[in-house]
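Undergrad: Chain residues, written in single-letter form:
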Amino acid sequence: MQPEDPEAPQISRRTVIASATLIPVAALTAAQAPKTALSASERQILEAFVDRLVPKDELGPGALECGAANYIDLALADALTGEKESFVEGLAAVDAFARKQYEMPFTQLMPDKKDAVLSEIEAGRATGFTNPRAFFARVRRLTLEGMFGDPYYGGNKNFAGWDLIRYPGPRLAVAPEDQKMSAPPKPVRQSAYGSNFNHGH
Amino acid sequence: MAINLKPVDVAVIGLGAAGGVAVLPLARAGLKVAGIEAGGSMDPRSFRPDEIHNNVRGLVTSVPKTKGEVPTVRDSPSSVARRVGNHPMMNAIGGTSIHYWAQSWRLKPWDFQTRSEAQKRYGASSIPAGSTLEDWPLTYDELEPYYDRIEFEVGVSGKAGNLQGRIDPAGNIFEGPRQREYPMPPLRGTEFTDRMAEAARHLGWHPFRPPAAINTQPYQGRPGCAYHGFCGTGGCHIGAKNSTAVTTIPAALKTKNLAIFDRAQVTRIVSDANGRVTGVSYLREGKEYFQPARVVLLGSYTYENSRLLLLSKSKAYPNGLSNTHGQAGRHYFAHWGTQGGGAVTALFPFDINVFYGLPAQGTTVDDFGDDNYDHTGLGFIGGSSMHVHTELHPIEAAAMNTFGRAPGWGARWKAFVRESAARWTSAYLQTSTFPYETTFLDLDPEVRDPLGDPVCRVTTSSRENERRSVEYAQNKMEEWFRAAGAIEVIKTPPTGPALSTHAYGGTRMGDNRETNVVDRWGFSHEAGNLGILGASVMGTSGARNPTLTVQALAWRTAEHLVKSWKSISA
Numbered sequence: 000m001q002p003e004d005p006e007a008p009q010i011s012r013r014t015v016i017a018s019a020t021l022i023p024v025a026a027l028t029a030a031q032a033p034k035t036a037l038s039a040s041e042r043q044i045l046e047a048f049v050d051r052l053v054p055k056d057e058l059g060p061g062a063l064e065c066g067a068a069n070y071i072d073l074a075l076a077d078a079l080t081g082e083k084e085s086f087v088e089g090l091a092a093v094d095a096f097a098r099k100q101y102e103m104p105f106t107q108l109m110p111d112k113k114d115a116v117l118s119e120i121e122a123g124r125a126t127g128f129t130n131p132r133a134f135f136a137r138v139r140r141l142t143l144e145g146m147f148g149d150p151y152y153g154g155n156k157n158f159a160g161w162d163l164i165r166y167p168g169p170r171l172a173v174a175p176e177d178q179k180m181s182a183p184p185k186p187v188r189q190s191a192y193g194s195n196f197n198h199g200h
Numbered sequence: 000m001a002i003n004l005k006p007v008d009v010a011v012i013g014l015g016a017a018g019g020v021a022v023l024p025l026a027r028a029g030l031k032v033a034g035i036e037a038g039g040s041m042d043p044r045s046f047r048p049d050e051i052h053n054n055v056r057g058l059v060t061s062v063p064k065t066k067g068e069v070p071t072v073r074d075s076p077s078s079v080a081r082r083v084g085n086h087p088m089m090n091a092i093g094g095t096s097i098h099y100w101a102q103s104w105r106l107k108p109w110d111f112q113t114r115s116e117a118q119k120r121y122g123a124s125s126i127p128a129g130s131t132l133e134d135w136p137l138t139y140d141e142l143e144p145y146y147d148r149i150e151f152e153v154g155v156s157g158k159a160g161n162l163q164g165r166i167d168p169a170g171n172i173f174e175g176p177r178q179r180e181y182p183m184p185p186l187r188g189t190e191f192t193d194r195m196a197e198a199a200r201h202l203g204w205h206p207f208r209p210p211a212a213i214n215t216q217p218y219q220g221r222p223g224c225a226y227h228g229f230c231g232t233g234g235c236h237i238g239a240k241n242s243t244a245v246t247t248i249p250a251a252l253k254t255k256n257l258a259i260f261d262r263a264q265v266t267r268i269v270s271d272a273n274g275r276v277t278g279v280s281y282l283r284e285g286k287e288y289f290q291p292a293r294v295v296l297l298g299s300y301t302y303e304n305s306r307l308l309l310l311s312k313s314k315a316y317p318n319g320l321s322n323t324h325g326q327a328g329r330h331y332f333a334h335w336g337t338q339g340g341g342a343v344t345a346l347f348p349f350d351i352n353v354f355y356g357l358p359a360q361g362t363t364v365d366d367f368g369d370d371n372y373d374h375t376g377l378g379f380i381g382g383s384s385m386h387v388h389t390e391l392h393p394i395e396a397a398a399m400n401t402f403g404r405a406p407g408w409g410a411r412w413k414a415f416v417r418e419s420a421a422r423w424t425s426a427y428l429q430t431s432t433f434p435y436e437t438t439f440l441d442l443d444p445e446v447r448d449p450l451g452d453p454v455c456r457v458t459t460s461s462r463e464n465e466r467r468s469v470e471y472a473q474n475k476m477e478e479w480f481r482a483a484g485a486i487e488v489i490k491t492p493p494t495g496p497a498l499s500t501h502a503y504g505g506t507r508m509g510d511n512r513e514t515n516v517v518d519r520w521g522f523s524h525e526a527g528n529l530g531i532l533g534a535s536v537m538g539t540s541g542a543r544n545p546t547l548t549v550q551a552l553a554w555r556t557a558e559h560l561v562k563s564w565k566s567i568s569a
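Just so you know, the protein sequences line up as chains C and S, in that order. Counting from 0, one number per residue, gives the positions in the first sequence under numbering that gives the first Met the number 0. Counting from 0, one number per residue, gives the positions in the second sequence under numbering that gives the first Met the number 0.
Think of the hints as simulated: they come from the structure by calculation, not from any bench. Since the model is a prediction, treat every value here as computed from it, not as a measurement. Hints may be right or wrong, so weigh each one.
[Claimed, not checked] Derived pair list, reagent style DSSO-like, types lysine-lysine, alpha-carbon separation capped at 27 Å:
{"no.": "1", "chain 1": "C", "residue 1": "K179", "chain 2": "S", "residue 2": "K158"}
{"no.": "2", "chain 1": "S", "residue 1": "K255", "chain 2": "S", "residue 2": "K565"}
{"no.": "3", "chain 1": "C", "residue 1": "K83", "chain 2": "S", "residue 2": "K64"}
{"no.": "4", "chain 1": "C", "residue 1": "K156", "chain 2": "C", "residue 2": "K185"}
{"no.": "5", "chain 1": "C", "residue 1": "K83", "chain 2": "S", "residue 2": "K66"}
Please construct the entire structure, taking both the sequences and the accompanying hints into account.
TA: If you want it as structure tokens, here you go:
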């Protein structure tokens with residue numbers, strides 16, 4: 000009646016950890032050379048797009064300055080490689096639609112014309128797309144990820160996205176006063192993969 | 000050819016919230032247990048304070064097996080089912096208890112006897128049309144010792160509201176009587192959740208800090224919660240969340256009576272000509288194994304529990320294991336409320352700072368839960384718990400609803416989220432949900448998993464009782480948010496859930512073998528040495544999270560097996 004059977008597959012006993020110690024969070028794989036997915040011209044279209052979604056102004060850096068296009072470019076070569084093809088088609092359709100409307104490349108349009116092009120895409124009226132609404136929503140969503148996600152992924156440069164919305168950054172231990180409404184905590188401006196999280200491993 | 004392994008006393012399929020609990024009383028009693036788990040072990044160092052990793056890309060939860068088994072969903076028995084979204088559960092030692100919210104509720108006495116209680120108070124016509132609602136075969140009082148057991152074995156923090164009949168307004172005054180206080184005090188409040196609690200009291204309601212399987216002080220050698228804000232869909236890097244991976248499973252391993260077979264995908268439960276189960280077949284690294292066992296406990300998840308029964312056909316069970324009366328897969332339902340699309344979202348004119356914390360940290364109102372208020376004339380039975388909580392990640396914060404106050408992009412949007420991303424929250428409503436004739440699980444006729452087996456097909460139809468119930472609670476929730484100072488409240492019309500982390504039924508527990516798969520102890524009415532664990536045995540949901548009830552039932556089934564070992568294993 001012993002389960003220790005010579006024929007049995009290897010039993011995993013390393014398994015279960017009940018340690019009381021604070022385990023460093025980011026035991027991460029060694030940094031690889033960042034790989035991007037887009038050509039120079041595709042990247043420029045994307046940059047112009049995200050720049051209009053969240054423009055730089057007196058409130059601070061916009062999506063472009065935060066590195067949102069960089070985040071998307073890196074993600075399309077990595078976690079989102081499966082949607083690269085359709086994404087690139089979408090970018091090409093943006094430019095083609097701009098040329099059709101204004102006889103100019105999208106990147107060279109004045110801001111108000113760029114906004115008009117994006118509005119047509121958002122409303123689903125733009126031609127040349129498989130699904131203009133869905134493409135707009137996807138670029139917007141990825142722009143938010145690039146602006147407000149961990150800088151580790153190539154966006155949120157200088158933590159400008161987190162500063163904009165007063166997100167105080169990841170802390171491993173949060174004290175009662177860090178959850179106060181009236182006196183929010185000081186921003187830590189660190190990545191989950193920054194040096195502060197790498198102690199002791 | 001399958002490799003035949005040496006027999007064990009009990010094979011437990013799935014080491015999640017349910018199976019991970021059941022192994023402990025078995026192993027302590029000296030039974031030799033094989034825990035067969037489709038996932039692997041998770042390294043706490045992979046639990047990171049990283050929204051993209053945990054929440055956007057779902058890298059904690061996405062395991063190839065679960066991805067391959069995503070059920071299909073349709074809204075009526077006459078339509079074609081499709082896959083929508085991902086499987087909500089994960090495979091791992093510890094299962095979804097690794098990344099769940101850890102809210103650990105007892106059901107109410109009313110939840111166990113809903114049919115008879117509703118008939119008594121509101122008349123026979125109050126039972127929702129087309130529902131297959133039955134009273135449970137056991138009462139709250141019979142389950143109470145097991146709730147208590149789990150609260151101490153696993154570790155649950157909270158505040159008693161009904162201590163042996165003594166009501167304490169610091170806890171939930173509507174709960175059933177409990178024999179003793181929780182082993183740990185509740186998670187702390189924040190300035191915002193305290194403000195919400197104060198607003199509720201102003202309305203004459205009874206807010207309290209709800210129970211959670213999360214340490215609030217050192218417990219069983221693990222530390223208290225650090226409130227760091229990456230609990231939901233993450234995992235706890237310090238082991239303060241009491242998943243079975245850090246509680247009952249290591250305790251069972253210490254007895255040396257539990258052997259874990261991880262990354263082992265069970266494909267069939269095997270039965271003999273007499274209708275007894277003889278063991279389980281599983282695949283591991285491309286090899287097929289047969290694990291003989293005197294008793295099998297099936298504890299995968301609601302969708303897979305029914306699917307595995309329906310797939311495990313034999314001479315004795317040509318329609319699927321323990322399915323002679325066609326009950327496997329019947330009486331399915333999943334929680335309405337926020338999980339069914341019925342969100343209530345509020346904007347405040349000041350920062351509420353809910354970025355840190357955890358979903359179990361907050362304030363709950365149960366005045367409109369279950370049958371805690373008079374339903375005369377309302378047109379529905381059951382009710383909703385309403386929970387306001389912390390933990391909001393930055394991408395999610397910025398992806399907020401603009402409440403009609405700004406466009407969705409551009410400079411005006413930027414100015415809006417700059418002001419408002421730290422000022423909004425969504426309430427978590429959970430609504431009593433019931434089984435119906437037209438809500439069930441079966442095998443999809445078209446869609447198959449990577450092994451070629453049909454996936455589970457979910458048929459879930461619209462339900463008037465639950466829709467009215469959610470809308471009633473949404474109005475109460477709006478009242479609550481506004482009393483706390485909200486300037487905008489948006490209520491999303493409830494549509495009902497598709498795939499859910501709160502999925503019930505399919506192998507319902509009941510005395511009547513013609514309408515239930517398992518008996519009052521959780522053992523099959525047909526294959527007497529097959530027990531079933533999980534919310535799949537539950538006949539009502541209550542207005543709160545299922546896990547503590549699932550675990551209390553799992554312990555009870557395992558204890559019954561130990562006590563009745565000779566008769567069940569014979």
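Undergrad: A separate judgement is required for each hint: does it hold in the structure or not?
TA: Checked hints:
no., hint, in the structure
1, C/K179 <-> S/K158, "23 Å, holds"
2, S/K255 <-> S/K565, "22 Å, holds"
3, C/K83 <-> S/K64, "25 Å, holds"
4, C/K156 <-> C/K185, "18 Å, holds"
5, C/K83 <-> S/K66, "21 Å, holds"
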